[in-house]
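Please put together the full structure from these sequences, using the hints given.
Chains as they are written, first to last, in my numbering: chain A, 1 to 332; chain B, 333 to 664.
Note that these hints are calculated values from the structure, not bench results.
Hints may be right or wrong, so weigh each one.
[As the list claims (entries may be wrong)] Restraint-style ranges between C-beta atoms, simulated for each label pair:
{"hint": "1", "chain 1": "B", "residue 1": "G538", "chain 2": "A", "residue 2": "N148", "range": "19 to 25 Å"}
{"hint": "2", "chain 1": "A", "residue 1": "D274", "chain 2": "B", "residue 2": "R358", "range": "42 to 48 Å"}
{"hint": "3", "chain 1": "B", "residue 1": "K450", "chain 2": "A", "residue 2": "K185", "range": "52 to 58 Å"}
{"hint": "4", "chain 1": "A", "residue 1": "N179", "chain 2": "B", "residue 2": "V518", "range": "19 to 25 Å"}
{"hint": "5", "chain 1": "A", "residue 1": "S302", "chain 2": "B", "residue 2": "A608", "range": "33 to 39 Å"}
[Claimed, not checked] Beyond 10 Å from chain B on every Cβ pair, some chain A residues (computed):
{"hint": "6", "residue": "K21"}
{"hint": "7", "residue": "K49"}
{"hint": "8", "residue": "N113"}
{"hint": "9", "residue": "V117"}
{"hint": "10", "residue": "G122"}
{"hint": "11", "residue": "H253"}
Treat the numbers as computed from the prediction; the structure is a model and nothing was measured.
Here a beta-carbon is modelled for each residue, glycine too, at the ideal position from N, C-alpha and C.
The lines below spell out each chain.
Number of protein chains: 2
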Amino acid sequence: MSEFNVAIIGATGAVGREMVKILEEREFPIKDLVLLASKRSLGETISFKKKALKVQELNTNSFKDIDIALFSAGSAVSMKFAPIAAKNGTIVIDNSSAFRMDSHVPLVVPEVNADDVKKHKGIIANPNCSTIQMVVALKPVLDEVGINRIIVSTYQAVSGTGKAAIDELEEQSSQILNNKKLTRKVYPHQIAFNILPHIDKFEINGYTKEEMKLIHETKKIFGNNKIKITATAVRVPVFYGHSESIYLETQKHISIKKLKNIYLKTNGIKLVDDIANYKYPLATMSEIYDDVMIGRLRKDLSESNGINMWIVANNLRKGAALNAVQIAELLI
Amino acid sequence: MSEFNVAIIGATGAVGREMVKILEEREFPIKDLVLLASKRSLGETISFKKKALKVQELNTNSFKDIDIALFSAGSAVSMKFAPIAAKNGTIVIDNSSAFRMDSHVPLVVPEVNADDVKKHKGIIANPNCSTIQMVVALKPVLDEVGINRIIVSTYQAVSGTGKAAIDELEEQSSQILNNKKLTRKVYPHQIAFNILPHIDKFEINGYTKEEMKLIHETKKIFGNNKIKITATAVRVPVFYGHSESIYLETQKHISIKKLKNIYLKTNGIKLVDDIANYKYPLATMSEIYDDVMIGRLRKDLSESNGINMWIVANNLRKGAALNAVQIAELLI
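Structure, rendered in structure tokens:
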């Protein structure tokens, strides 16, 4: 079996570090792993297969001999360096939103639309965290009975914003518990013991970018522009694990029993639905399981083809780093 | 103006204490205020108008000379003592779920269905916290253009469970921040830095009682059994203030601009909707404002008569104690 030279761009970030871990866990066939970041991170080392790898500065010559580059350093870095890498013959898997809606760039969740990878012209986009877990949960429904309507409200962890936000939730929680003055750097309002109906920038239509990503990316990944989607994206004081409350209307009727049987057989999904024993997906479980967890499955009481569910996934792993590595696995 | 003898049953609880405060704040015309609780609370005193009132033990003779009794000591206490009080000629305003769906008992939110108070036969029920804020927010829409459909996902504070839950969130948060062993008494799972899609008991249909309350109580208060309602009730690690993500479909079209103008003129509602300046309702604001706060108002992008909004209210005050006192004000 051949081995590949892989680069991680943004290796010192929350998602970048997960990428390194996941490449090791899944025994990705690596010849050389190159860790790239901005000048700021020079001198840092990250452990990979018991070796301490030095972080190197990203520049236009970084992609010589690199087969696959996993980008997770924000849209600006991707816009500048991903085309350079692709021109060099490197296949880019980009975790930023820079190219997701580009019609020449496939947007891939391996459990949902693995075949789209083949259409790439050097760049493949990794979807947004809140989108990935929703499309994994809904793809089996779409295939079985079709979907007319999705209404989702999210409960998203601060790690989706990055390391500084994790620190902010920790610091503010401690400040409030100890009656100290509150400090604030990352979010526009207190996040500890509070709920912010605001993720990413606001667009002119009154929705946030995060909400519009859920709408546009889901349609692109499903290859279906007719599904009606409504999204409300909300930040909650949780470190890891995004939760989503989903209502959907199917085209044809499906019983909850049948849906559960389908989920039990679906790769990438863990059914956690035993309310008699208080078992349902929890954000804290996402630190243990990589699968998208589904529970609280119930027929809607007012729409005959309506179904409600509660889904949770690890936003840094399945929502970002793991999905990117799974895309890389499709390439080899 | 005449004055009234008022009793508070469950005076030492989180809601009972708010009732005492609100009676004082709103200068309710009180002759005597009698604070009642179980034996456990004997010896406690609560301050009212600069006097320390002793808590007395609730018994079947407690209602002699009492004009109005505010109950907030759970369903079992209400079931036993509310009929005794009513038979005595005392008007009961009951904050438990014991009589809410009883067809002989009006279920009242003064901003919505004040006239229903007149139908009482001794007992008036105070709705559930998550219902009250939703019906206050939606009544102006119902009156103006009619409502076909409501889909709500909640983000509910632990104070709704009571004092022990407030302590549990505080203790667990501190334990996690300090790497100590987690203790758990109130909730079936860790609530600190976690999200629980589970409030109150599960019913046979897979919904929780809290979700069914939102459905049944809303229909009763609106006097409209045709509205289709879907609810997902979720506990979040917040001390005070329930948030709700609401999608609704109106019967006739209404513009967001017109709806905002209506809300600006509606008593009991505070419009907090200026996304350019990051202003939207927050749980933390509910410690300052008694009004139901409404924001993130936006047209649905997939349904022509669809509207999305984010609402927040103080669950102990407008969601319980304040609404009960407002009902009492309707009686005098």
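Hints versus structure:
no., hint, in the structure
1, B:G538 <-> A:N148: 19 to 25 Å, "22 Å, holds"
2, A:D274 <-> B:R358: 42 to 48 Å, "47 Å, holds"
3, B:K450 <-> A:K185: 52 to 58 Å, "55 Å, holds"
4, A:N179 <-> B:V518: 19 to 25 Å, "23 Å, holds"
5, A:S302 <-> B:A608: 33 to 39 Å, "36 Å, holds"
6, K21, "22 Å, holds"
7, K49, "29 Å, holds"
8, N113, "22 Å, holds"
9, V117, "29 Å, holds"
10, G122, "32 Å, holds"
11, H253, "17 Å, holds"
Violation of the numbered hints given earlier is absent; every hint is satisfied by the structure.
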